[in-house]
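Visitor: Please put together the full structure from these sequences, using the hints given.
Protein sequence lines, in the order shown, are assigned to chains A and W.
Position 28 of the first sequence, counted from 1, bears residue number 39 in this note's numbering, the numbering being contiguous throughout.
Position 15 of the second sequence, counted from 1, bears residue number 31 in this note's numbering, the numbering being contiguous throughout.
No lab work stands behind these hints: they were computed from the structure.
Just so you know, even glycine gets a beta-carbon here, dropped at the ideal spot from N, CA and C.
Take the hints with a grain of salt, since some may be wrong.
Within a straight-line C-alpha distance of at most 25 Å, the following computed SDA-like cross-link-like pairs (lysine to any residue) qualify [as the list claims (entries may be wrong)]: (1) A:Lys137 with W:Lys337; (2) A:Lys174 with A:Gln117; (3) W:Lys339 with A:Leu280; (4) W:Lys337 with A:Glu171; (5) W:Lys339 with A:Gln117; (6) W:Lys69 with W:Val288; (7) W:Lys318 with A:Asp133; (8) W:Lys339 with A:His271; (9) W:Lys337 with A:Gly301; (10) A:Lys137 with A:Ile111; (11) A:Lys81 with A:Leu107.
The following residues of chain W were derived to be distant from chain A, with all beta-carbon distances above 10 Å [said to hold, decoys possible]: (12) Lys66; (13) Asp125; (14) Glu190.
Which residues of chain A face chain W? A few of them, derived with a C-beta cut under 7 Å, are [said to hold, decoys possible]: (15) Ser198; (16) Ala202; (17) Lys324.
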Amino acid sequence: MIFQRSTKIRVLCFLLLAIAVCPAGASFLFWGKDKEDPLAKGMALYGEGHYAQAESELSGKLASLDTQDKKRAYWFIGSCYEQEGKLDHALSDYQLAVQIYPRDMQLLLALGRLYLRIGLPDRAAKIFSTMLAIEPDSFEAHIGIADVYAGEGFLSKAAEHYKTALDSMTVRDLSVWRAYASTLLESRHYAQAREVMTHVLSINPDDPDSLLLSARLYYEMGLHESALETIGRAAARAPKRNDIVLRRALWLISAGETDHGLGIAFGVLEREPQEPLALFTAGLALIKKGEADHARQYLERAAAQESAPFIAKAAAGLLGAMPAPSK
Amino acid sequence: MNAKKLILFCLLLALSAGAFAQVAPPAAYNPDSVAREFLWQEYTSLPVSKRPKVGLVLSGGGARGFAHVGVLQVLNDAGFPVDCVSGTSMGAVVGSFFCAGLPLSKIWDLGKTASLDKASKDINAFGILKLLFSQKLFSSNAMESYISSTIGDITFDRLKIPFACSAMDIKTGENIVFHDGPVAVGVRASMNLPGVFSPVEYRQRYLVDGGVADFLPVHSARAMGADWVLSSVTLGDYSVSQLNSVLAYMLQVMDIRGAILAQAAMKESNFVVSPEVSDISFIDMHRCNEAGERGVVAMYRKVDAAKESLILFSINDISKKYKN
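Guide: Right under this line is the structure:
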């Protein structure tokens with residue numbers, strides 16, 4: 012693969028791709044010294060995180076811009092609103108822009124993604140379908156459709172679109188690969204998921220999210236030793252991530268390494284005394300160790316955690332299944 | 017390049033790179049979801065004899081009932097155990113296919129052609145016109161042939177998953193539960209629309225659609241040993257129906273009756289999923305797959321809650337693994 016040759020080539024290719032994807036990049040690169048980008052100030056404000064000012068600056072310029080710049084301006088204005096959490100404003104901006112420029116892929120993409128973000132998957136699907144009608148190989152549109160399908164439970168269709176997107180992408184984006192693998196895992200297509208995860212880890216063997224996904228895959232496949240080894244690597248790279256370390260603790264306890272799992276749970280509780288999953292994990296480990304009274308203390312605390320209602324109910328269930336406390 | 021241009025260029029690059037990373041970011045850490053995933057694995061790894069038995073109950077509802085296929089699809093994807101199934105009318109059709117081991121992809125395919133099958137052709141406007149002129153009810157033989165040709169001439173005891181379906185004896189009003197004998201006969205009786213098809217004569221009974229006696233056969237699932245019951249209910253919205261034909265009136269009566277029966281049966285279920293199919297009519301066979309897709313959406317939205325419900329129901333059994 013061309014990207015594996017050297018870092019320099021990788022960077023160069025990425026730059027070229029970035030320019031190809033973003034027309035603004037091209038126009039920017041080829042500015043003459045005398046030509047001032049009318050969006051420069053707004054974009055700079057955006058880059059510095061001053062979204063309200065950027066939006067105001069760009070909105071003020073809209074009327075005087077040519078078509079290409081107008082498209083970019085609408086995109087930036089919508090992005091400013093999104094960054095500020097003003098999603099209804101962002102929606103109005105993108106909708107208006109798409110009405111004016113119905114074939115602009117970046118604006119369509121922004122609108123589609125926003126529809127997904129605000130929970131309107133049907134509308135998002137229509138936008139992504141429009142994109143595919145314009146550019147059948149648009150990987151962004153395929154990813155968008157895949158996300159819609161994945162969110163609605165159509166896992167096979169989602170996997171197909173992720174696959175198509177990945178086939179047409181020239182840049183390796185781990186998050187798309189993981190989304191693909193995750194969909195395969197969710198629909199229990201383990202062999203395919205494993206193949207994908209092997210590829211993902213060959214790109215970046217140290218990424219905690221990829222290691223976690225691989226570990227979950229192994230665990231579901233019943234390959235508990237591989238799962239524990241892999242999640243151990245994930246935990247070593249992200250020791251503060253409770254979703255990784257506490258999952259590992261639970262797996263260790265289930266595998267009979269109770270003290271090890273309990274130690275991890277206590278470690279988390281030292282940092283976060285009310286962590287619901289750590290309380291639950293500690294309670295479960297102590298039940299396994301035969302220390303019912305000690306377990307009860309942790310489970311009672313877990314059962315009182317309103318932030319994790321399922322854990323609270325499960326802890327209450329475990330308490331109910333335990334023998335009466337010793338006097 | 018001056019510094020300002022460099023910053024802007026980096027910004028553009030970042031935005032361009034953002035275009036590649038379009039998938040939704042990984043969900044933020046949710047302790048409940050990690051606990052659910054772990055306990056679900058603990059539950060599913062229990063031997064069948066050491067965990068509560070799961071029953072799936074599929075309601076009637078004609079074309080709407082095809083939503084059950086979507087529900088089954090999601091349960092199947094999620095690795096949800098299904099130890100027995102009971103169904104009425106369309107729920108009986110779908111249930112029999114599933115319990116016979118027909119792949120879900122094949123059942124989806126059947127939905128695509130449902131409106132073209134002889135079994136459903138009689139219940140369209142033209143068929144009803146014929147019915148009025150001839151003063152004679154149709155035979156539902158075609159339904160029996162359809163079931164037989166799809167899953168073979170098999171008996172209930174040869175199904176891969178225990179299954180039962182309900183019909184009503186039109187002479188006594190009794191709910192008749194089929195759990196032995198030929199599957200095709202039972203399903204035909206369960207799907208035998210009264211007033212359109214002549215009653216199925218079987219074992220000295222005159223049987224019509226079970227939807228008027230047992231729209232949601234939770235009791236049948238319990239009788240098969242189900243400890244925890246998930247009901248899939250496909251009700252119609254009879255408040256907005258267009259009552260413009262004899263058939264429409266008849267179906268309206270069935271829908272109202274079904275809704276009344278379902279209310280009570282849902283309370284006896286441990287978990288209920290109700291796909292939003294109320295706008296699909298009993299006889300909209302051309303909309304079967306649409307109903308199925310809505311079943312997917314409805315079940316997928318609730319599958320985590322269903323897992324949690326079953327885990328909590330089984331917590332005593334799960335905890336035994338941790339007790340010395």
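Visitor: All hints, please: hold or fail.
Guide: Outcome of the hint check:
1. A:Lys137 with W:Lys337: violated (49 Å)
2. A:Lys174 with A:Gln117: holds (21 Å)
3. W:Lys339 with A:Leu280: Roughly 23 Å between the alpha carbons, so the hint for lysine 339 (chain W) and leucine 280 (chain A) holds.
4. W:Lys337 with A:Glu171: Distance of about 39 Å is beyond 25 Å: violated.
5. W:Lys339 with A:Gln117: violated (58 Å)
6. W:Lys69 with W:Val288: holds (16 Å)
7. W:Lys318 with A:Asp133: Between lysine 318 (chain W) and aspartate 133 (chain A) the Cα gap is close to 19 Å, so the pair holds against 25 Å.
8. W:Lys339 with A:His271: holds (18 Å)
9. W:Lys337 with A:Gly301: With Cα atoms ~12 Å apart, lysine 337 (chain W) and glycine 301 (chain A) stay inside 25 Å; holds.
10. A:Lys137 with A:Ile111: holds (17 Å)
11. A:Lys81 with A:Leu107: holds (12 Å)
12. Lys66: holds (14 Å)
13. Asp125: Label holds. Min Cβ-Cβ 14 Å, cutoff 10 Å.
14. Glu190: holds (39 Å)
15. Ser198: holds (5 Å)
16. Ala202: violated (15 Å)
17. Lys324: With a closest approach of 6 Å, the lysine 324 (chain A) hint holds.
Of the numbered hints given earlier, the model fails hints 1, 4, 5, 16; all others are met.
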